[in-house]
Amino acid sequence: MKKLILTLAIATAAFSFTSAQILPSFQFGIKGGVNLSKLNYSGSTFNSSNRAGYLGGLWARVGALGFNFQPELYLTAKNVEISDNGTSVKAKFTSLDVPLLFGGKVGAFGFGGRFYTGPLVSFAINKDNSLGNAFGNATSFNYKDQNFAWVFGAGVDIKNISIDLRYEAGLTKQTFGDSHTRVSLFNLSLAVPLIKI
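To get my numbering, take the position in the sequence shown, counting from 1, and add 10.
Mixed in with the good hints, there may be bad ones.
Unchecked claim - Derived DMTMM-like pairs (lysine to aspartate or glutamate); straight-line CA-CA distance at most 25 Å:
#1 K102 to E91
#2 K48 to E91
#3 K41 to D155
#4 K100 to D167
#5 K137 to E91
#6 K154 to E91
#7 K206 to D167
#8 K100 to D155
#9 K102 to D155
#10 K183 to D155
#11 K137 to D155
Unchecked claim - Derived Cβ-Cβ restraints for the label pairs, each shown as a range:
#12 P81 to T182: 19 to 29 Å
#13 E91 to A118: 42 to 52 Å
#14 A74 to N136: 36 to 46 Å
#15 K100 to G76: 39 to 49 Å
#16 L181 to I135: 14 to 24 Å
#17 A74 to L200: 19 to 29 Å
#18 F112 to A62: 27 to 37 Å
#19 A118 to V72: 12 to 22 Å
#20 P34 to K100: 45 to 55 Å
#21 F112 to K169: 21 to 31 Å
#22 I168 to K100: 30 to 40 Å
#23 G114 to L83: 16 to 26 Å
Quick caveat, the hints were computed from the structure, so don't treat them as lab data.
Yeah, the Cβ is synthetic: ideal placement off N, Cα and C, and Gly gets one too.
Model the full structure from these sequences, guided by the hints.
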């Protein structure tokens with residue numbers, strides 16, 4: 011009798027786990043979080059410090075067979091601090107970001123882990139910086155209107171809450187004085203589905 015109960019419990023768990031991964035699903039929701047931006051540069055004497063920013067927007071996830079596609083649209087503020095010879099200047103860039111992420115999911119019973127990667131395109135909305143005035147035109151930071159990055163991340167789903175940790179590796183070269191730099195960042199976000207099918 012104990013073997014029969016154990017076999018039924020294992021079969022039920024396996025069916026629940028398998029059906030959670032195989033059957034098509036759709037989610038749509040809102041998300042918000044924080045980021046740490048960093049300028050990666052070469053050929054310059056300036057120092058760049060990590061600074062906190064924010065993000066907020068919408069996401070969707072379509073999944074089947076243990077894989078998923080997750081497009082997103084969110085507003086993000088990327089802050090950096092650049093210093094030279096005791097002078098420090100803060101620069102803020104607000105953009106509309108569109109990541110297109112592909113990944114997989116493991117887990118069942120309302121708990122699961124995710125991993126994903128994919129491209130991100132960023133459209134600058136506001137470029138608030140005074141680097142040209144502070145250091146002279148030869149060292150001005152020219153943040154482009156359209157930028158590309160590649161995203162690597164992992165997340166965990168607990169019931170109706172998703173927590174994601176990501177690294178965005180900047181691909182677009184920005185001009186900074188006589189050198190080039192790329193904007194990369196880490197972000198931590200919390201997402202909640204509004205529609206779940």
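Hint check results:
no. : hint                     : verdict
1   : K102 to E91              : 9 Å, holds
2   : K48 to E91               : 9 Å, holds
3   : K41 to D155              : 24 Å, holds
4   : K100 to D167             : 35 Å, violated
5   : K137 to E91              : 14 Å, holds
6   : K154 to E91              : 18 Å, holds
7   : K206 to D167             : 13 Å, holds
8   : K100 to D155             : 19 Å, holds
9   : K102 to D155             : 14 Å, holds
10  : K183 to D155             : 12 Å, holds
11  : K137 to D155             : 9 Å, holds
12  : P81 to T182: 19 to 29 Å  : 20 Å, holds
13  : E91 to A118: 42 to 52 Å  : 44 Å, holds
14  : A74 to N136: 36 to 46 Å  : 39 Å, holds
15  : K100 to G76: 39 to 49 Å  : 44 Å, holds
16  : L181 to I135: 14 to 24 Å : 20 Å, holds
17  : A74 to L200: 19 to 29 Å  : 25 Å, holds
18  : F112 to A62: 27 to 37 Å  : 28 Å, holds
19  : A118 to V72: 12 to 22 Å  : 19 Å, holds
20  : P34 to K100: 45 to 55 Å  : 46 Å, holds
21  : F112 to K169: 21 to 31 Å : 24 Å, holds
22  : I168 to K100: 30 to 40 Å : 36 Å, holds
23  : G114 to L83: 16 to 26 Å  : 22 Å, holds
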